[in-house]
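Chemist: Build the full structure now, drawing on both the sequences and the hints.
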Amino acid sequence: PPQPMHSDDAVSSFSLPGKLTAFVALQDIDGQMGPTIFWPGTHANAQAQTSMMSGLDKAILLRESSYRLGTMPAGSCTLYNTHLLHAGGSNTSPRTRWLFYMSFV
Numbered sequence: 016p017p018q019p020m021h022s023d024d025a026v027s028s029f030s031l032p033g034k035l036t037a038f039v040a041l042q043d044i045d046g047q048m049g050p051t052i053f054w055p056g057t058h059a060n061a062q063a064q065t066s067m068m069s070g071l072d073k074a075i076l077l078r079e080s081s082y083r084l085g086t087m088p089a090g091s092c093t094l095y096n097t098h099l100l101h102a103g104g105s106n107t108s109p110r111t112r113w114l115f116y117m118s119f120v
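The sequence shown runs 16 to 120 under the working numbering.
Keep in mind the hints are simulated off the structure, nothing from the lab.
No experiment lies behind these values; they were computed from the predicted model shown.
Backbone N, C-alpha and C define an ideal beta-carbon position, used for all residues, glycine too.
Among the clues, some could well be false.
[Stated by the list, open to error] Computed Cβ-Cβ distance ranges for the label pairs, DEER-style:
#1 M68 - P16: 17 to 27 Å
#2 L77 - G46: 11 to 21 Å
#3 I75 - T111: 30 to 40 Å
#4 S69 - Q18: 10 to 20 Å
#5 L94 - Q18: 18 to 28 Å
#6 D23 - G46: 15 to 25 Å
#7 R78 - G46: 12 to 22 Å
[Stated by the list, open to error] Taking lysine to aspartate or glutamate and the EDC-like style, the derived pairs with C-alpha atoms no more than 20 Å apart in a straight line are:
#8 K73 - D24
#9 K34 - D24
#10 K34 - D23
#11 K73 - D23
Modeler: Pasting the structure below:
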């Protein structure tokens, strides 16, 4: 099943220095494997962050915001601010999706 949209750090820590998260693809990740969905710019958008506290505001954000799919070939790395809103997609392929995941300051 897909993950709900979320950030890796709580909204209350929005003003603290940011951490980064890296995903390293351990295999090719295509659209059927439920790649991570990223909403660009939401890490620096206080309104987007606070919309996570309201079902209606979150629905509006999902409907009106552009997004990027984290498809990538094996060995690729996606690096993002831990405040960036993202969600794991639904894997509809017969394969398990393997990523190496780490967060750091």
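Chemist: Take the hints in turn and mark each one as holding or not.
Modeler: Here's how the hints hold up against the structure:
1. M68 - P16: 17 to 27 Å: Distance hint for M68, P16 holds at roughly 23 Å.
2. L77 - G46: 11 to 21 Å: 18 Å, holds
3. I75 - T111: 30 to 40 Å: Once the Cβ atoms are compared, 34 Å apart, the range 30 to 40 Å for T111 and I75 holds.
4. S69 - Q18: 10 to 20 Å: Holds - the Cβ-Cβ distance for S69 and Q18, about 19 Å, lies within 10 to 20 Å.
5. L94 - Q18: 18 to 28 Å: 19 Å, holds
6. D23 - G46: 15 to 25 Å: 23 Å, holds
7. R78 - G46: 12 to 22 Å: 21 Å, holds
8. K73 - D24: 17 Å, holds
9. K34 - D24: 9 Å, holds
10. K34 - D23: 9 Å, holds
11. K73 - D23: This hinted pair holds, its Cα atoms lying about 16 Å apart.
The structure is consistent with each of the numbered hints, conforming to all of them.
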